[in-house]
Structure formats: structure tokens, C-alpha cells
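Make the full structure from the sequences, and use the hints.
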Amino acid sequence: MTGHYLGVDLGSTTAKAVVVDGTGAMTGTSVVQMGAVSRKGMQRAIDAALGEAGIAEHDLTATVSTGYGRKLVPGRHQTYTEITCHALGTAALCPGVRLIIDIGGQDSKAITVDADGLVDEFAMNDRCASGTGRFYDVLARALECDIGTLGDLALRGRQDLEVSSMCATFAETEIVSMLAEGLPEADIAASVHRAIAGRTLALVAQVGRHAPVVMTGGVAQNPAAVRYLAKALDLNVTVPAYPQITGAYGAALLAVESSGRSPSDRDADTDRELFPHNHTGSEHSCADCDGTGAGKVHLGSSIGVRPS
Amino acid sequence: MLDTVEKPAEDKSNRLGITRVGGQLISDYWEDLFTAREQGKQIVWYNGGALNPMFQAAGLAWCHGEAFAARLAAQRLEGPAQLAGAEYGYNAELCSYSRTHLGCSVLTLQGTEGDQTGVVGAHDQEVLAAKLPAPDFFVNNYAGCSTGQQWDGISYRVFGKKLPIFNISHPFLWGNKPDAGYLTGEEWEDASKFVAEQLRTLIGFLEQQTGRPFDYDALSESMTYIKRAAELRREGLDLCKAKPAPATFWDWIASVAPINFLPGDQALVDYFAAVRDEIQHRIDNGISAVKDERYRLYFDGIMNWNKLGFLSRKFAEYGVAVLAGRYIQNAFWQEPQLIDTTDPILGMAQHYLLCPTNHGAKTLEYLTLRDCEEYDLDGLVFHSTRTCRAFTGPQRLLAKSARDKLGIPSIFFEGDVADASFYKDGLLEGRLVAMLEAIDVRRRRGSLPAEFTGIA
Chain A
1 MTGHYLGVDL GSTTAKAVVV DGTGAMTGTS VVQMGAVSRK GMQRAIDAAL
51 GEAGIAEHDL TATVSTGYGR KLVPGRHQTY TEITCHALGT AALCPGVRLI
101 IDIGGQDSKA ITVDADGLVD EFAMNDRCAS GTGRFYDVLA RALECDIGTL
151 GDLALRGRQD LEVSSMCATF AETEIVSMLA EGLPEADIAA SVHRAIAGRT
201 LALVAQVGRH APVVMTGGVA QNPAAVRYLA KALDLNVTVP AYPQITGAYG
251 AALLAVESSG RSPSDRDADT DRELFPHNHT GSEHSCADCD GTGAGKVHLG
301 SSIGVRPS
Chain B
1 MLDTVEKPAE DKSNRLGITR VGGQLISDYW EDLFTAREQG KQIVWYNGGA
51 LNPMFQAAGL AWCHGEAFAA RLAAQRLEGP AQLAGAEYGY NAELCSYSRT
101 HLGCSVLTLQ GTEGDQTGVV GAHDQEVLAA KLPAPDFFVN NYAGCSTGQQ
151 WDGISYRVFG KKLPIFNISH PFLWGNKPDA GYLTGEEWED ASKFVAEQLR
201 TLIGFLEQQT GRPFDYDALS ESMTYIKRAA ELRREGLDLC KAKPAPATFW
251 DWIASVAPIN FLPGDQALVD YFAAVRDEIQ HRIDNGISAV KDERYRLYFD
301 GIMNWNKLGF LSRKFAEYGV AVLAGRYIQN AFWQEPQLID TTDPILGMAQ
351 HYLLCPTNHG AKTLEYLTLR DCEEYDLDGL VFHSTRTCRA FTGPQRLLAK
401 SARDKLGIPS IFFEGDVADA SFYKDGLLEG RLVAMLEAID VRRRRGSLPA
451 EFTGIA
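Each protein sequence line maps, in turn, to chains A and B. Sequential numbering from 1 applies to the first sequence in the working numbering. Sequential numbering from 1 applies to the second sequence in the working numbering.
Because the hints were derived from the structure by calculation, they are not lab data. Glycine included, each C-beta is placed from N, C-alpha and C at the ideal position. A few of these clues could be false.
To be verified - Below, computed lysine-lysine pairings styled on BS3-like, alpha-carbon distance capped at 30 angstroms:
| no. | chain 1 | residue 1 | chain 2 | residue 2 |
| --- | --- | --- | --- | --- |
| 1 | B | 131 | B | 307 |
| 2 | B | 400 | B | 424 |
| 3 | B | 314 | B | 424 |
| 4 | B | 41 | A | 71 |
| 5 | B | 193 | B | 241 |
| 6 | B | 177 | B | 362 |
| 7 | B | 161 | B | 177 |
| 8 | B | 400 | B | 241 |
| 9 | A | 231 | B | 162 |
| 10 | B | 162 | A | 71 |
| 11 | B | 405 | B | 243 |
| 12 | A | 71 | B | 241 |
| 13 | B | 162 | B | 241 |
| 14 | B | 41 | B | 162 |
| 15 | B | 131 | B | 161 |
| 16 | B | 12 | A | 71 |
| 17 | A | 40 | B | 405 |
| 18 | B | 307 | B | 241 |
| 19 | B | 424 | A | 40 |
| 20 | B | 177 | B | 243 |
| 21 | B | 424 | B | 307 |
| 22 | B | 41 | B | 131 |
| 23 | B | 291 | A | 71 |
| 24 | B | 193 | B | 177 |
What the hints assert, rightly or not - Pairwise CB distance ranges (calculated):
| no. | chain 1 | residue 1 | chain 2 | residue 2 | range |
| --- | --- | --- | --- | --- | --- |
| 25 | A | 202 | B | 217 | 31 to 41 angstroms |
| 26 | A | 202 | B | 335 | 49 to 59 angstroms |
| 27 | B | 397 | A | 59 | 35 to 45 angstroms |
| 28 | A | 159 | B | 158 | 43 to 53 angstroms |
To be verified - Examples of chain A residues lying across from chain B (beta carbon under 10 angstroms, computed):
| no. | residue |
| --- | --- |
| 29 | 116 |
| 30 | 118 |
| 31 | 121 |
| 32 | 123 |
| 33 | 204 |
Structure representation (C-alpha cells):
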């Protein structure tokens, strides 16, 4: 099947875009940091993904958008919630997944999916920023470290300190107090990560503890967040190579589906080359996926694609 | 490419026209109450179960605190009262019904005594304080909610402990004895008699306050009208099982006030007869409450009173007919067959016990799943009412039961009965649409139980 399909995930702090061909293989991806839901940021993400795929907007067959700003995406054929898109995208990248924990800039979600990658149940944080990417930003700022190195700092922590406040604002005050007491920064970082994992566990409790577990979203790039979550769950937690784009990827796959193909047209479990571009896989640990090499990633049976 | 602008969503809701008549009846009721003092009537403030037939028979004017708080919230006038309540010491964690009404108590008292609150503007203070007449005494009739049971006691203190108060105690219906069931069993029988006995004592209290004998015939007459209105209400509710739905939960929400505290008289019966007739007319003429109905959902929670119109439009926008809810099917004289109009005390007591926050999990599960099946529902929406934990306490259990026993999904969203600050639209919308998407996918792939195919 030919054509180019665009999925856009316009989140609270990042815009993600994925272009796939008619088989569901990724031909272009992008992640753009923004200050907030931003049309300019979204356009940059779309342009970058289209550029990587080597196509222009008029080449697109269908576009599906998701995320907070999904209704702002121009030219969209359909919108879906991030719940549906993350579930579909993650199930495609990590076949067999049953529990998805997605932690983005502003919210955290626990989603259980069935064997076909369809949403069974989900739970989301309420208005509180606790345990979201925003919370980690606050922590990094208080500890005067870069968000990219926060996880490494936390992994060096040894002492388990009590962090009682889970409100992002009050936690900052508590962290500042700990620093004033002269407590090691690594211990503080580790303790906050542990506390946040406990908070995420409460979210998981609402949908049930299932395995295999996959973590997605920007926070999944933080190795300490993944490790402490795995510890809290007492389960292995895997992270796809590009954890931020699972929602956009799910949206792109829905764009393929929405272009007139009926479920009965689906192929059975099919391996597709989804990452024709460089796929380092340095943190990659998907089941049944080599994560490196030629970039082969299993495409689950739930996704309706067929060889072109 | 960036010039795409979302057009305002079309209003796909089609609310019953008759509810405007109900709104006028309620407006007239409050206007009458606001001048009760001038009419020479004694005034009772009360909360909880509908004691109004008792007050009507005693020749009193009555003010239901929750109802007044809900009215203020529906009119977006709750702010000054809540501010006055906060100034007095009731913070945002307290039931927003009670802190709105307690704020009114503060304003009413200050209005009576000519004092000024420091934080509520003089105009707002005058508007609210001048409107709600100060009570002559209090009666508390709250079941299943510890805040409710203390509420009038706090009003009593706000008014300087100078006014009489009568408290009615209601056993919680645990429903866990071997013979226990909905409306059956020893626990039910004993609790009914216990509350009925207190109602008889209340009559003595009312005689003491009014200085005249209680009019039992007037009580029977009032309860005859209320029983008939309740029967008509049930008939109308049953008609809403039709597909597509001729009326929704929101229409019944708009009719809560009439059944909850309007006088038992012919006008009340006429109103609910007209509600039922409009619904029947819609069925006969194929008129639906939601344009292009695609989903049928349950709504568990007390109403978010400042969001009634907004929520009815929002759900309709997605083709959702909300058809049943604990606050509608399982409250407000919902079992009229229990009322013996020649001696209505026992039946009244039983309805006060049937408050939807006064049941154990087993009974709530029975009622919720029964309504999900009878109305052929696709899922449940739980309004996690921030300041009403009595209502939200069992919600997770109910969601789990619906999933395990009926195979239908649930979502939760936070909001509140009378405090709009706890509601965030993005949360409800995202979760609602995600659930509808999941229902869609399952319908397409045929994995929904056959009985939940809806009418897509």
C-alpha cells in the first residue's frame, strides 16, 4: 500500500510528528520542545518530520492528531485522544505489552491494553503535576542540574530520605530545606525519584498491575525514573527506543487505518522495518525487538498494514 | 496552513421544554420563601431528607440548605457566600454545599444584626443576606453523611446557640446481614421503625415550636400528592429506556428541585404529569434527546450544579445520552409504593433511609448494575465530587463491578457540587473521548458483549 501518513502529538511541552508509509514503517520523526502548546512548535515538528521523510505536505494521504492541542493541528482528518494513540503506538513497537506507563510534561497515565493493543482501562493524574515531567523540571532546577543529567545524579544516590510533599511547589521547598541541611544532592534526587515512583504506583493500582510493562513519554528517557518505577512495581520495565513519539506513531497508524482500510484487510503478525534511519537503541529494551542493527521492530498484529 | 480555527460545536442536546416550567415553580418557591417573614410565617432551616411535607402540614416555611446552595451555584452566585464561609473558618475542603449555606448563615446573621463582613462586598452581602430569611429553628435529617449530620448543628452555633434544633439519627444500611437486601431484611425493618419513631417525636417538637396541634390530615394530603408525583416521575424515568432516549439524566437533574422540596399539591402532580407526557410525546414522534445518539452512559455523582447546561451540551456533542445515575434513579421519593397515604410516617422514614449515600457496597452495586442493564448502557462516568466523599467513597468498587460483571468501562473526573474551581474541562473531555474511542474500537471489532451494542 502506498502513500504517506502523518501523526502529530501536540503535547503540553513538546510537539511530536511521525510520518509512516502505507505499511506503517516510519519514514520521518521529530520531537520539538516548546514553551507550551504552540502552533509554531507544532509546525516545526511537522516540517522536520516531513523533511526527514523527503516529502511535502501535499504528499500526505491522511493526517491524524492527538495530544492536548490535537484540535489545533491543520489538515487533520481525524483526532484521537492520547490514550488511544499511546496504546496503539506502544503496542506496535512493543508487541505483547499489557501495561503502559506514559509520563509526559504535564500528565501521567497508566493504560492497560489487551492482546490486540486496544485500551482496556486507563487512569490519569488529576490536576496535580506530581510525578509528571514538570515535577522533574522543578527538581532539576532546585538541584541546579540539567534535566538530561538528573537521572544519572539520582542513580548515584544511596541514602533514602523522607520526601513527604508530592505537590511540585511544596516539594521544591522541601528540597531546598534538604539542601540547606547539607544533605547530598544525589541522595535528594534519588529519594524524590523513589517518592515519585510510589505516586505512579498509586496510578497503576487503579488499572491493575500487569506485565509486560512499557514506559513511554519524555520521562522514560530518565534512567532513574525507569529504575525506581521498576523497583516500585517489582517488574521489569522496558522502554522503546523513542519513547516520546509513541503517541504520534499511534496517530500515524490510525491515519493509515482511516484511509479506507477495513479491519479484515489486516495482515497477521508482520515484521516491518520501522526505523530506516539510525536507531541507536542505547536504552532500548523492547521484548522481541533487537533495537539496533537494521532497525527492525516488530509490528504487532493489532496494526493494520500490509506490504506495499 | 495555520488558519484552521475550530468552529463552536453544534448544540446537539434537546432538553425537555417542560423543565422551564419547573424552573419557574422553583423560582416562585424561593421568592415566596424570601418574603416568608413578612407573611408572618415561622421558618425552619433543614438539611437532608425531604421533610417538607411535615413542615407543610405544620404551616411552616422551609429552607433546604443544600437546595439553596445548589441554586446559588446554578446561578453562579455561590462566590460571596463561600467567601463569607471561608472568612468564618470553613475552608475549601469542607462540603461546598455546607460551606455555601454556612456562609449564607453568616451573611444572614450579619444582615440581621447590621454587621459587615470584611471580605464580601456590601452589595453581595445585601443581596444574599436580605434574601434568605433567618430561621426560627433547625431540623437535621441527614443520612449517610457525617458532614450533613453536623451541618445544622454548626448553623445553630453560628446563630449563637439561641434557636432550637432537632436532630434525626439514621442508621447506615450496611446490608451485610444474611437476610439483608434492598428494601428487605431485619436491618431494614428495624432502621425504618427507628427513624419513624423519631419522626413522631419531631411532630411533638413542631407542635411545641408552632404552638398548635399538628395537622395529620394535611400531612396525608401532602403525601398523597407527593406519592402521585413520584409515581409519574418513575413512569417518566422508565420511558427513558427507549432508543433513542427521549430525555436524559440532565432533564431529570433539572427536575430534582421540584420533587425534593416543593409543596405537595396539585401543581407538583401536574408538573410531573407534564414531564411524563412530553417524554411520551417524544417517543411517539421519534424525537430524541441527543442528536445522533451513539452511546448510552451512566453518571454517578451528585450534580455539578454550575455545569448543568455545559455538561448536557458536552456529552451530546459526542452523541452521548446520559440516562441513569445514582442521584436520579435512587433518590427523591424513588419508591412511592412504600408510602401509605393514610399513615405516611413509615414510608417517609424509609425514604430518608434510602438516601444514595446511606447504602453499603452490596446494595449500591445491585442498584448501579441493575440500572446499567435496564437502560442498556455502554459505560459509566463517575463524578468524583471533590468535597463529597460520602458519595465518592464506593465509586471505585462500582467501576470494578461494572467492568467485571457487565464488561463495561468507566471514567472518573473531578468536580464539585457547588465549587467550580475543582472542575477542569480538559480532564473530563480527554477521558470521555478516550472511553468512547475504546467503545468504538470494540464495536468495530465485535468484542463488546452482544447486549452492549448500543444503537450506533
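Hint-by-hint comparison with the structure:
1. 131(B) <-> 307(B): Measuring from Cα to Cα gives roughly 24 angstroms; hence the hint holds.
2. 400(B) <-> 424(B): holds (24 angstroms)
3. 314(B) <-> 424(B): holds (13 angstroms)
4. 41(B) <-> 71(A): violated (57 angstroms)
5. 193(B) <-> 241(B): violated (35 angstroms)
6. 177(B) <-> 362(B): With a Cα-Cα distance of about 11 angstroms, the restraint between residue 177(B) and residue 362(B) holds, given a limit of 30 angstroms.
7. 161(B) <-> 177(B): violated (40 angstroms)
8. 400(B) <-> 241(B): holds (24 angstroms)
9. 231(A) <-> 162(B): Status violated; Cα separation ~60 angstroms.
10. 162(B) <-> 71(A): Violated. Residue 162(B) to residue 71(A) sits at ~59 angstroms, over the 30 angstroms cutoff.
11. 405(B) <-> 243(B): holds (23 angstroms)
12. 71(A) <-> 241(B): violated (34 angstroms)
13. 162(B) <-> 241(B): With a Cα-Cα distance of about 51 angstroms, the restraint between residue 162(B) and residue 241(B) is violated, given a limit of 30 angstroms.
14. 41(B) <-> 162(B): holds (19 angstroms)
15. 131(B) <-> 161(B): Roughly 22 angstroms between the alpha carbons, so the hint for residue 131(B) and residue 161(B) holds.
16. 12(B) <-> 71(A): holds (19 angstroms)
17. 40(A) <-> 405(B): Between residue 40(A) and residue 405(B) the Cα gap is close to 48 angstroms, so the pair fails against 30 angstroms, i.e. violated.
18. 307(B) <-> 241(B): Given pair residue 307(B), residue 241(B) holds - Cα atoms ~24 angstroms apart, limit 30 angstroms.
19. 424(B) <-> 40(A): Roughly 26 angstroms separates the two Cα atoms, so the pair holds.
20. 177(B) <-> 243(B): Violated. Residue 177(B) to residue 243(B) sits at ~39 angstroms, over the 30 angstroms cutoff.
21. 424(B) <-> 307(B): holds (11 angstroms)
22. 41(B) <-> 131(B): holds (15 angstroms)
23. 291(B) <-> 71(A): holds (22 angstroms)
24. 193(B) <-> 177(B): holds (18 angstroms)
25. 202(A) <-> 217(B): 31 to 41 angstroms: 58 angstroms Cβ-Cβ, so the 31 to 41 angstroms window is violated.
26. 202(A) <-> 335(B): 49 to 59 angstroms: violated (38 angstroms)
27. 397(B) <-> 59(A): 35 to 45 angstroms: violated (52 angstroms)
28. 159(A) <-> 158(B): 43 to 53 angstroms: holds (51 angstroms)
29. 116: The hint holds - residue 116(A) has a Cβ within 10 angstroms of chain B, the shortest such distance being about 7 angstroms.
30. 118: holds (5 angstroms)
31. 121: holds (7 angstroms)
32. 123: Cβ of residue 123(A) sits 8 angstroms from chain B, so the hint holds.
33. 204: violated (14 angstroms)
Going down the numbered hints, you'll see the structure goes against 4, 5, 7, 9, 10, 12, 13, 17, 20, 25, 26, 27 and 33, while the others check out.
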